Each structure stands twice: as structure tokens, then as C-alpha cells.
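Enquirer: Sequence:
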Amino acid sequence: MLSFLDMVNHYLGYVNVSVKLKNRIYTVLGLLGDFYLFYIAVRYLQNGHPFWGLLILLVAIILLYFAFLNGVYYFTKKKAPFDISPKIEKLLGTKPKDAEATQPRRNSLGRNIPANGYFDEKKILPGKLMATPVQQQNVQNLATQLQQNRLLRLDYSGLGDREIMEQVQKDGKPVYASGPGVLIPYFEMQNEDNHLVVYAGLNQADKQPVGTVSTVGLQNVNDVRDQFKLYLANATLVGGPFKVVGRTTLIEQDNDFAVAVQLAYKHQAEDQPTTTARTGQTPAAATTTTRRQRYDQQTTSSAASTTDDEPMTRRSRYHH
Numbered sequence: 001m002l003s004f005l006d007m008v009n010h011y012l013g014y015v016n017v018s019v020k021l022k023n024r025i026y027t028v029l030g031l032l033g034d035f036y037l038f039y040i041a042v043r044y045l046q047n048g049h050p051f052w053g054l055l056i057l058l059v060a061i062i063l064l065y066f067a068f069l070n071g072v073y074y075f076t077k078k079k080a081p082f083d084i085s086p087k088i089e090k091l092l093g094t095k096p097k098d099a100e101a102t103q104p105r106r107n108s109l110g111r112n113i114p115a116n117g118y119f120d121e122k123k124i125l126p127g128k129l130m131a132t133p134v135q136q137q138n139v140q141n142l143a144t145q146l147q148q149n150r151l152l153r154l155d156y157s158g159l160g161d162r163e164i165m166e167q168v169q170k171d172g173k174p175v176y177a178s179g180p181g182v183l184i185p186y187f188e189m190q191n192e193d194n195h196l197v198v199y200a201g202l203n204q205a206d207k208q209p210v211g212t213v214s215t216v217g218l219q220n221v222n223d224v225r226d227q228f229k230l231y232l233a234n235a236t237l238v239g240g241p242f243k244v245v246g247r248t249t250l251i252e253q254d255n256d257f258a259v260a261v262q263l264a265y266k267h268q269a270e271d272q273p274t275t276t277a278r279t280g281q282t283p284a285a286a287t288t289t290t291r292r293q294r295y296d297q298q299t300t301s302s303a304a305s306t307t308d309d310e311p312m313t314r315r316s317r318y319h320h
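Here UniProt numbering is used: the first residue of the sequence shown is 1, the next is one more, and so on.
These aren't lab readings, by the way, just hints derived from the structure by calculation. Please read these numbers as outputs of a predicted model, since none were measured by experiment. Don't take each hint at face value.
As a list, the in silico DSBU-like pairs of lysine-lysine whose alpha-carbon atoms are at most 35 angstroms apart [said to hold, decoys possible]:
id, residue 1, residue 2
1, 173, 79
2, 266, 128
3, 207, 122
With the sequences and hints as input, model every part of the structure.
Expert: Here it is in C-alpha cells:
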């Protein structure tokens, strides 16, 4: 019997199923093995070996208790009575599942850098896209292609209904099947008729327009482009089906996918040649001229200075 359970457990590792379903299967298999221990204990008692029979019977009862806890946890939405799992976690010094979920996961290979390069996080602002019906359909088609190529999984990050319920009640926000979103394999931004159009797809050959940049940070994109050059830092597919708490149970609702973008900015003046190259002055003279110009310049207000330094963010808007 134990060899059979070990064989099933071994081959189950090759099957790609959700974590919750796999734990349910393990719970059923563990319950079958526990019944086998009860059978061995009874046979020992019948053959005149009370010590070994009672010892195995005690172990079977303890394992039956933990099988009951797993059954309540993975098959129902209720809390098991007389649950000593938190005390065991505290005794062993392990972290609860909620504490592990709140900690950021780190990749052993470093950050997940998009294919178009790495930008300074201090010079990246969120952007907003405006999409036509055709572009919105392109986004939905992209989501379907990502699912077909196993780049997007709508499994709620492996969370069960009970864990989703606890997270929704804690944060007050819906839980999406796509999780925090997935980085789009290929994306770029093109200037078309003085509009910044974002393209996305599985690769460069399959790229389709998914929207036009309308705002950067808290400002209109046309106001920002006069002073800054904009670059598409990353594009992420977000949205999709989500679950919220109903009256008694979770309710799953359909929702369209969307593309969330972040844009990096660079001052226009950084690409202009220096004063020495334009006028032929020596570095000392150029430095002196620059200092005099800075001394003669007068700032009209702190708000104007903030607007000239970088696009308006929430912090600069607050001080403004």
C-alpha cells in the first residue's frame, strides 16, 4: 500500500495541475494511507502484539486528525475546530502562509528587465492609453495568444477560494485571475501624426496597435513632449476576469484585458551640444558665462521650477 502511494506521489509530480487540486489529491492519498495504518494496528492487536498495535493506532489517529484539517481547509471554506497548526508553526519557527504571501518574491537571477533595456526608476512615470475599439480588440487577441503559448495563466496565482476570500476582505480590492499582470514579450512606441502609438505582440512580426498615450504622470502628453523626450519603458497586460466577495461566497466576473505602460523621460537639453562646442569658447569662459547666466536668472515661483525640472508627479502637484 505504501509503495502504491509513493508511486502515485512520484508520477503526480509530472502533471501540471493547480496547487489546490494537487493538495486535494494528496489529502485523499494520505487518508487512504492512514486507513491502511488502522488495518495494520488491528492486525497487530489480533495477533497478540498490544504494544505495537496501540503505538501504530496512536500514530494513525494523529495522522487522521491532520488529514481532517487538510480536508476542511482544501475542500470547504470553513475553519476547522481545534486547529493547532498556528501553534505548530510558532513552535517550529516557520512563517505563516499570509506572511510569506506579503513578502516580495526575488528572482535568483536578478530583476526582470524588459527586452528594450533598463531605465532609471527615478525617471519613469506611469502612462495612460486611449484605445479605439479596434485597438481594444487587439488587446483581447493578444491575451488569447499569451494563454495559448502558456505565457499567461488565469489561475489566480494558485490561490484557493478561501485564500482569495481572505485577501479580498483584507485589501478590499478584487483579485484578478491574471495576478499582478504579465510583461508583454514585445512592445514599442511610434510617433504617428504627432501621436505616440503603442504597439504590442508576441514578437515584432505580430505586433498590433494597442493604444495611444494620453497622459504621462498627471500631465497631458502634449504638455510634456515640449520639454522632454519620452521612451516606452515597459508594457504589462493587466485586467481580465476577477473575483469579488458576494453576500456569502465569491463571485467571478468577466472583464476586458488592458495594457498598462510606464514611460521614461529625458530632458531635451541633454541632447543639445554644449556651450563650448557651439561658441568655441574655452571651458573656463564657458563656465564663467554659465555662472553669470545662472546668477542673472530669477525664478518666478517654485511651481515653475518644478515644472521645468521634471513632469508633474503627485508629490510636485501637492507642493504646487
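Enquirer: Which hint numbers does the structure go against, in order from smallest to largest?
Expert: none
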